[in-house]
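A.B. asks: In case you want the letters, here they are:
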Amino acid sequence: MIMAELRKLSDSDRFNLMLALVGNLIDGAPYDVPELAKHFKVPEIEITNAVKTLGFIEINHHSPYGIDFDDLEDGNVALSFKEKMSLKEVPRLSARQASALAAGLVYLKSIPGLAESDEIETLQNIIASGFEETKAPEIRINPVGIDLDIRILRQAINKGVAIKCDYQDNKNVTTTERVIEPLRIDPHSEVIYLRGWCQEKQALRSFRIDRMRNTVILEDVRISDQAKQAELQDEIYVPSDSDVEVVLEVEPGAYGLMYDLKPIAEPVAVNKTSRRFTVKVGDVRNLGRLVTRYGGAAKVISPEDARKAVRDFALAAINPETADTPKDAE
Amino acid sequence: MADKSVAKYKISKPERLFALTCALLYSKVGLSKHQILSSIPGYMNEYKPNGNNKTLERKFERDKDTLRHNGIVAEAVIPAHEDENNQATVYVIKKSEFVWPEHIKLTARQLALLSLAAEAWAGGSLSTAANKGIVKLRSMGVVGEDSDIAGIAPRIIEHEPNFREINNAVSDQRVIKFDYRNPNTGVIETRALEPWLIQQLDGQWIVLGFDQKNKEPRNFMLRRMVSKVTVAPNSAPFEAPSPEDVKKATDDLEKFADSQIATLRIKPDTAAFFRYEPKLREQKSKDVLTLRYYDKFVLAEQIREYPGQIDVIEPKELSELVQAGYKKVVDDHG
Chain A
0 MIMAELRKLS
10 DSDRFNLMLA
20 LVGNLIDGAP
30 YDVPELAKHF
40 KVPEIEITNA
50 VKTLGFIEIN
60 HHSPYGIDFD
70 DLEDGNVALS
80 FKEKMSLKEV
90 PRLSARQASA
100 LAAGLVYLKS
110 IPGLAESDEI
120 ETLQNIIASG
130 FEETKAPEIR
140 INPVGIDLDI
150 RILRQAINKG
160 VAIKCDYQDN
170 KNVTTTERVI
180 EPLRIDPHSE
190 VIYLRGWCQE
200 KQALRSFRID
210 RMRNTVILED
220 VRISDQAKQA
230 ELQDEIYVPS
240 DSDVEVVLEV
250 EPGAYGLMYD
260 LKPIAEPVAV
270 NKTSRRFTVK
280 VGDVRNLGRL
290 VTRYGGAAKV
300 ISPEDARKAV
310 RDFALAAINP
320 ETADTPKDAE
Chain B
0 MADKSVAKYK
10 ISKPERLFAL
20 TCALLYSKVG
30 LSKHQILSSI
40 PGYMNEYKPN
50 GNNKTLERKF
60 ERDKDTLRHN
70 GIVAEAVIPA
80 HEDENNQATV
90 YVIKKSEFVW
100 PEHIKLTARQ
110 LALLSLAAEA
120 WAGGSLSTAA
130 NKGIVKLRSM
140 GVVGEDSDIA
150 GIAPRIIEHE
160 PNFREINNAV
170 SDQRVIKFDY
180 RNPNTGVIET
190 RALEPWLIQQ
200 LDGQWIVLGF
210 DQKNKEPRNF
220 MLRRMVSKVT
230 VAPNSAPFEA
240 PSPEDVKKAT
250 DDLEKFADSQ
260 IATLRIKPDT
270 AAFFRYEPKL
280 REQKSKDVLT
290 LRYYDKFVLA
300 EQIREYPGQI
310 DVIEPKELSE
320 LVQAGYKKVV
330 DDHG
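Chains as they are written, first to last, in numbering that gives the first Met the number 0: chain A, 0 to 329; chain B, 0 to 333.
For reference, chain A alone in the conformation it holds in the complex:
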């Protein structure tokens, strides 16, 4: 259902994989290629090629590693360390590798119910012990407090059953009861989404977890086949054919919009700092909130009804008593 695509490896990745392999394999012990590919999460051909390359290496007429090439063709790996100079230790992480992983761990720590905090701390210590100690870390993440408990959602996903909750519909600020077949939780920097199959809409939807209340697990409602077969994209919002094209202009402070909204073409520079781009939008009312938050660093150029939607949204903000509560679509 949800398959991470295997990355294409660069030369530097391949070198890294060779180092990892010799650090992992025990002298002479048998392994099979598919198992190693699964362990290192790389295509099988990369394992075969890395082992082959190790077998080819020759320094001053000495081959540090012995392999059986015919056996390798059959998917079996047995690497023997032939010389004193056959490298078999795992190298340290570079400062950047360590920082990236450490920052990722800090981020995981902020997600409730994912791991015990001492479990993450143990891993943080392992990472720290794996690179030069005198160097300060390069990256640090101090996550936005995610104060919602997602334990119950993860339980439902692991059990493969649906949930029921009250969902705050942003359109008219009312709550409706929803039955959702949960597929995946996507924590983003400010908001956590639940990606799932909405039984009411009969479609894949993204739900903001901060708008869900009174969530209960429906033990008897198994996740349906149509939900399992639905292809989950990495994007939270998937455009449809009925969407309108909207032109926006942003100053650096609102460049984030260019990434959030996924322009249909490369943004164009209007002057030294402003960028103009076109996006597809399902409902122009959604733009009110998105544009207004930037307080002037973003504006809609066209069409007119999109401009009006933003204007109305901001006007209502100035005079909350006289206007209706601003609306935007789900």
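In short, the hints are calculated from the structure, not lab data. A couple of the hints might just be wrong.
[What the hints assert, rightly or not] No more than 30 Å apart at the CA atoms, straight line, and that leaves these computed lysine-lysine pairs for DSS-like:
#	chain 1	residue 1	chain 2	residue 2
1	B	K326	B	K246
2	B	K63	A	K40
3	A	K81	B	K12
Knowing the structure of chain A, use the given hints to seat chain B on it.
C.D. replies: Chain B alone, transformed into the frame defined by chain A:
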């Protein structure tokens, strides 16, 4: 058995890097550049014994950079008895700096968590580094054990155009220059910074570094940079800060945030109320919320997402900022 002596066999870059690593790690006294170029596969086949080897030397320099980015330091050493004779420079990888300090095995669950930490960078500037790190760490796990943490895909959002350049400059200790817009005055000024650390605070990416003009540590928000970040070519690296210097500067920023408190009134049964309800409950309050913040402009943006639902009680300047933003949006779309 395949025949290694086939003349057509071309040494690949991974093979050359690996052979170089082995040779520098296990040579007793280190290898001179001449020895490296004339004896290591990947160089030796192109080496001209009495000719010009400038291209090969550049290849070696690039390979050293690649090794460094992989966490392997090929150090240049002048043997003690050679005094300061540059000609005698040899290269060596010190074993104590190469290997993990102790023997660590990772459980399948630990590997799954670390993989998730690496995947959080998916598509971001650091995904390559995180992935390489995780491949190394997997070598400490037992093949065949399996534990997946399913049903969750955390993502660290990083789409600052200057992120990669700044991150490289932090690693390589290079001074960066950029045009920065002061949010209070709107004035744009070119800044020169020795970048120390990239932080994400309140969802915003910030670079901390030593400001060369003001001669003190300063913080800059990446989204307020209005130019590309540049690094002077061939500039010398600056001296790395001590972990204590970095800690003091980050502590100072936290202290500053501690001193900035906003008081907000949240309208019940609104989207804003839903958003802040857990915090209100934590503060045992029905509708009045206090928030600590790093940057009033960022907080004003968060508040503007909920028009008519959040009333800024104090500070006054925050309230004015929120309102001024609304007015500007109305004017822009009139």
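A.B. asks: Indicate, hint by hint, whether the structure satisfies it.
C.D. replies: Structure-based check of each hint:
At most 30 Å may separate the alpha-carbon atoms for a hinted pair to count; K326(B) and K246(B) exceed this at roughly 40 Å. At most 30 Å may separate the alpha-carbon atoms for a hinted pair to count; K63(B) and K40(A) meet this at roughly 27 Å. For the suggested pair K81(A) and K12(B), the alpha carbons sit about 23 Å apart, so the restraint of at most 30 Å is met.
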